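> Could you slot chain B onto chain A? The hints should help.
Here are the chains, one letter per residue:
Number of protein chains: 2
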Amino acid sequence: MGDGQRKQVFDAPEYRRRMRRVKQRMYDRGIDILLVTDPANMNYLTGYDGWSFYVHQGVIVVIDREEPLWFGREQDSNGARLTTWLTQENIRPYTDDYVHSPTKHPMEFAADVITEVGVGKRYIGVEMDNCYFTGQALECLREGLPQWKFKDADLLVNWVRVIKSDAELRYMRMAARIVEKTMQAAIDAIAAGVREGDAAADVYHAQISGTADFTGDYSAIAPIMPSGIRTSTAHLTWTDRRYEPGDIVLLELAGCKNRYHAPLARTLVIGSASSALEDTARAVIEGLNTVIDFIEPEITGEEIEEKWREAVAGSAVVKMSRIGYSFGLNYPPDWGEHTISLRPGDKHLLKPGMTLHLMPGIWEKDFGFECSEPIRVTESGCEPLTNFPRKLFIK
Amino acid sequence: MGDGQRKQVFDAPEYRRRMRRVKQRMYDRGIDILLVTDPANMNYLTGYDGWSFYVHQGVIVVIDREEPLWFGREQDSNGARLTTWLTQENIRPYTDDYVHSPTKHPMEFAADVITEVGVGKRYIGVEMDNCYFTGQALECLREGLPQWKFKDADLLVNWVRVIKSDAELRYMRMAARIVEKTMQAAIDAIAAGVREGDAAADVYHAQISGTADFTGDYSAIAPIMPSGIRTSTAHLTWTDRRYEPGDIVLLELAGCKNRYHAPLARTLVIGSASSALEDTARAVIEGLNTVIDFIEPEITGEEIEEKWREAVAGSAVVKMSRIGYSFGLNYPPDWGEHTISLRPGDKHLLKPGMTLHLMPGIWEKDFGFECSEPIRVTESGCEPLTNFPRKLFIK
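Chain order of the listed sequences is A and B. In this text, residue positions in the first sequence follow the working numbering: the first is 5, and each later residue adds one. In this text, residue positions in the second sequence follow the working numbering: the first is 5, and each later residue adds one.
So that you can see chain A by itself, here it is in the shape it has in the complex:
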């Protein structure tokens, strides 16, 4: 058996372009070596794709080395060979006695690799607030690299990821086709008397079986689909309960292709909507439409939020949390990129090729409403990635 199944999600020039952009940022910030522990950033620079992020692993970018290095658990190293563009010498596996051990830590191994490739260098950047880069990882690395100066390189790669290439957008459009089918599957499945879990099963089936042309991947957030009083809060999933007449159901779902997402939220009510829900739906959808018309390059995140606030000013809707964020390539626990947030204070200018999830979710004391849109910033405005009616669904 050969490498016939070696997966080429992008061609080598795409990865090299990404590396050049990351190195420019390293250079600007005086970083000789960047330790990347965010699984999405690891994938972005190397193609590495495996559910191995429950152990410590990383990608090491050396400013004057063409290829980055991957380090991880030995049993995942064939995965690195099969999914990355790296040559064998840059795949550095550690033995299993480093895993979940009271006496050894994988960052000791990483420090050794960094010492080896970092001769004559001094400044290391680490992703300080990335989940998967633990307090222990930081301390262990500091101990193993006593001569090195540490710099916070959190989000350094994320800020390169924020503008999508045509090749990336191709996968995001595939994800958009998947989420349209998935949302329809959810709406079709939900009815009074049906178990929430059976509707969730149909959602997953649609999300993974995809279309006739391509299947889907697991999304970085599980389907969020609470009903009834549980719609009063974000991030709940489903239960064994059977839907009842009058239930509101939130549906925050995503399609995913090659780790690229298209998230989409809609709300459904079984039977008839209360006037409070109808009023909320009307205001939110009008606000969302206003924002979509407004977005163009060279405006800031806070200007968009301000426009939203003006649009809903005549209604009872008050949203205290951000109304959207940048998204794209990701792994659990989040499809957001943690860069741009549409809220007061966000001074980032939008650029063509950015992708935002416009998500003005409303969670009141006893019910919620969600209607969202994933969009791409174009040269002159913005383009919704999905085509799904923006309305309150009634069944």
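If you're looking for bench data, these hints aren't it; they were derived computationally from the structure. Small disclaimer: the values here were computed from a predicted structure and weren't measured. Where a beta carbon is used, it is the ideal one built from N, C-alpha and C, also for glycine.
Here are the simulated lysine to aspartate or glutamate pairs, DMTMM-like style, with alpha carbons at most 25 Å apart:
| # | chain 1 | residue 1 | chain 2 | residue 2 |
| --- | --- | --- | --- | --- |
| 1 | B | K311 | A | E78 |
| 2 | A | K311 | B | D100 |
| 3 | A | K185 | B | D202 |
| 4 | B | K351 | A | D101 |
Listed next, with one range per pair, are the computed distances between beta-carbon atoms:
| # | chain 1 | residue 1 | chain 2 | residue 2 | range |
| --- | --- | --- | --- | --- | --- |
| 5 | A | P249 | B | D170 | 35 to 43 Å |
| 6 | A | D156 | B | K153 | 23 to 31 Å |
| 7 | B | D192 | A | A216 | 19 to 27 Å |
| 8 | B | E147 | A | A196 | 49 to 57 Å |
Just chain B now, kept in the frame of chain A:
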């Protein structure tokens, strides 16, 4: 609408027993306040259940306070009200400007809460190597609590979780029923010409729709189901590829109920097996059966691994990584508990009520084989939680 959907996964006495055990360990280690950031540990002590772990959140256990405190994002605080046994005053939401912000960090908020409830106290325990407790979280907390002494309390709660109550085992048995159905669905779906993603869709559907009596929850690890050369490594999922005659397919799946897992691995070959695969399968299954017969209370993790090594000694099978680990309640990215590992050096004594995933996965240069069993340690031996043929499946 009231709290009719407030979910009672366990009764209050169960949570209070857990709190008492955690407090004894805190007392033994001289910890006044324990900051719990592991989502499974948060759930274990409070019941909190939401996909909100992509932002900083936690549970604060004060040694002389009956109830712990939950802190998290405002939009998740109704979720805390609906899923935990905590009274309102112990649910502490932070505003959205703390989320993914370049200027504010949620651990500043946590430090304020700890200062408030920790008057006269001095020693704080943090889960140093828990993913979700980032390097930045540690530094931020140290800055916000300059008078406090920090202790590493990593796995403190995990070591309480390691022995399961009857109430927990009830959910694990439900998860076992689900994974049996899920494994059968995978075997039924896989055939030459079928897209891997379509088989994965059937796996998810079975995993979530569960049985006639209960539905399932999302598992902490996505279905691991590589085929062909991709079976040479752990932790790969599926692709768009269509299965081909001769393909080996690894199936590492789980059922999940109320966050309690039952993982199970089997291997299938389409057509006929090579003699190398047959030999590996025979040795691994014999080794697994030997270990199941051997396990009883008061033996160590390393003794079990030694028994395994003896059993496979006459074969070509050499396993350099652990052959099993403790599992149970969990969230992504892992269903393992990071406590007991069955490997040389592990001196932990097994006790009745522990649950282990016996998982001697073999990943050779060009193929893999997996056959596993989730078991419970009993008073006199061990009991497999699932009932599924231990063999190489041929289709």
